[in-house]
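Here the structure of chain Y is known, so what remains is to put chain B in place on it, guided by the hints.
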Amino acid sequence: MLDFIKRHEGLWLFSRSPAVIIAAIVAVIIILGAVLAPWIAPVNPYDLASFSLMDGLLPPMWEEFGTEKFPLGTDDQGRDMISSILYGARLSLIIGIAAMAIATVLGVGLGLAAGYYGGRFDAVAMRIADIQLALPAILTALLIDGIARGILPPDMQQNLRVTVLTIAIALSLWVNFARTARASTFVQMNKEYVQAAVMQGQHPLRVMFVHILPNILGPLLVIMTVDLASAILLEATLSFLGIGLPADSPSLGTLIRIGMQFLLSGEWWILWIPTLFLVALVVSINILGDFLRDVFNPRLR
Amino acid sequence: MLRVENLTVKFPSRFGDVTAVEDMAMTIAPGEIHGLVGESGAGKSTVGAAIIGLLQSPGFVAEGSLQLGETNLRGLDQFEAHKLRGKRISMIFQDPQTSLNPLMKIEDQLVETILAHEDISVKEAQGRAVDLLEEMGIENAAARMQSYPHQFSGGMRQRAVIALALCTNPELIIADEPTTALDVAVQSQVLDLIRHLADVRKVGFMLITHDIGVIAQIADTVTVMRRGKLIENGPTAQVLGQPKHPYTQQLMGAVPPLDRKIARFPVPEDVDGLETSSKGDGAEAWLLGGERQDSVGLTLDDITVQFAGSRTSIWSKPDPFTALENISFDVRPGSVMGIVGESGSGKSTLAKTLTGLVKPVSGAMTLGGTNLPGGKARSRHHPSRQLIQMVFQDPFSSLNSRHRIGAILAEPLWLYGLVEGESSRRDLCLQMLSLVGMAPEAIDKYPHQFSGGQRQRIAVARALLARPKILICDEPTSALDVSIQAELLNLLKDLQSAFGLTIIFISHNLAVVRQMADDIVVLRNGSIQEQGPSERVFDTPTADYTKKLLSLTPVMPRVWSS
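Protein sequences, first through last, are from chains Y and B.
Its first residue numbered 1, the first sequence is counted upward by one per residue in the working numbering.
Its first residue numbered 1001, the second sequence is counted upward by one per residue in the working numbering.
Chain Y extracted, bound-state conformation:
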């Protein structure tokens, strides 16, 4: 086992950094919790019949009046907090990962092509990226939300909230990928293996995706982890502001928004527990991202 670890640079570094190990454990627990939510959560918070107003505003079990039936207490509707958080994290992660995936495909594709062709194509693609950067994510989300509301029939709108949110987040994240992919591609274009492939007369798409892409994956993987954290935060922000998911299908951001109303009336747990949960998730993903960057960039070691 020790030999196996020693042979792999990444594993070796991992085994020697306690912060990264803790972050990895936290991230794995949260992600497992979110994935397994339908099986491990005490109740289904989306099922309106499963909770009653009579249980409303119960504190966590270790406080006075807390009960073991609701380990982390309930919100004003009588919804079990731990179930809401697990389901909420599930939604947050689905939206975050989907948005990151869309942003990766869009950004890496455009960035690779811009770096490969250069010249006018590059200039146009990068100006679009600049314009995108100038638009705040919230504005993009509002715009798409508005368009979706305008052109879709009302009964479809409710089902499409998740999609709209995902696209809005993806649109505000792809620029990072495009810029990194473009810069890395420029570096690779000067390498002789790329010249060899071009010289042999290989198809441009093959040169881009088979030859260049594997060589620029390192920095892209780092951005993927960091942007996953951003995507989750962005979703929380949008939901907090009310543009995101509605109160009946709460994500972490929605839970925090609901909790805000009770901050000053003594029911602290409704706000603080989902917030801490979100912070733990985002911080641990960020630590893992930093670690990946160190692994892929020997100069920073």
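No lab work stands behind these hints, which were simulated from the structure alone.
Accuracy of the hints is not assured; some may be wrong.
Unchecked claim - Partner residues are not named here, just some residues of chain Y that face chain B (Cβ under 10 angstroms, in silico):
#1 Tyr193
#2 Ala197
#3 His203
#4 Pro214
For every residue, glycine included, the Cβ atom is placed at its ideal position computed from N, Cα and C.
Coordinates of chain B only, in the frame set by chain Y:
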């Protein structure tokens, strides 16, 4: 003055300590130039770093004594070692471009260093700086030292670096590959300067280099290293002229001579790289088979290449920069055309023009009598894409590090539709690997698992698998050690005579070109200085530039006076 005894340097790693230098010994007297030669990985630079106390972390001196005059270098604490560096031992690095601070004037860098070690006024320090630069042969030094490093030429920069190393009157200067990044003309000036300083100032020099010609030219004594161990040492003429150790003998045999052409190099036996005795007959038959392999020639007629120059005004178009001007030459079918020139002479641009990566603004090229379009006008499916193949300079970037060797080699086979079927392609790749002297296991490995010489063999194999008629080699050996270079040159010679390949061999190294070329073109600043049969040009050069290049290249005396 400097005395090193059984020096051992170790680097702790996660697999335990790695011994980089073992039981090394050397002495350097005042005014002596001591050459330290060896191939890459021999531990030359580690010895230098250990002496100056700048071993890269986590390396450490495990054993041995380092004595400079009366001072025990190992006994110094951090503060004392810091004071000694620069004051008594200085260092000159390989690349003058990176060892000077680009944001500081030359004057400020010199004055800063002088003031760091001596308690004198700024005025005095400036005076010293001027004197030093003038001693280095920089004219009008008081005015010139107001410049920034980028305003100096390469040779001037290296002189400034040497001045920087000298400004505290050190006893010992460690020069790590001081001329490797320089052209021959500048190299010879810098070497003369080093010799002069050793003679006049009585500074001891430790000259670390892989270039045996340089050592032969200026070193008094020489130490040969291999794999961290001392192989042989003594006066230069004795060690290089009558080497006793078999490794030194092999090394000397592999150095290409400038004054004659030899048929084959004697190849050292246990050099890493050659792994198989099988000849790869299948690949040979495949290369010879198919349609009859007629050799094909190439002609260039009045080719001019221009690049966009740097913009000086936003209103007018920038003047174009001419990289190649009216280049015309003829490559006979089945011959080797050598192209020589210093950096910036347009050698690589010429290779790129031939391969269609760069478009000439005027002129025409023909391949075997048919017109060869340049740049983007050459379509992806043009037959020349297959017929012209290239071996690049840097074997570390010419193979895609994320692909297995098998995938890299098979690419030309399916791209040009030469061989159908996965398994028959694989068989042919295996055969080709044996033809270039590689073990068959290589096919499932990644490029980083091989040394530079092995990678260059793989690059040659890839080029051959396209069944080319013309092979362009752009500095194929400049990243390689001499013994590996000798092997690769042998391989190219064999392939050329077996398959009637036409080779265009580009290099700045005159000795190497002489070993390969039938005809030669001498380039300078994008225009042809001289062309003709190689032996004629080397024996009786007519152009002044060729004469100058030949006289400045460091060579080994044919007969050593002992």
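Quick rundown of the hints versus the structure:
1. Tyr193: holds (4 angstroms)
2. Ala197: holds (8 angstroms)
3. His203: Holds, about 7 angstroms.
4. Pro214: holds (4 angstroms)
Violated hints: none; the structure is consistent with every hint.
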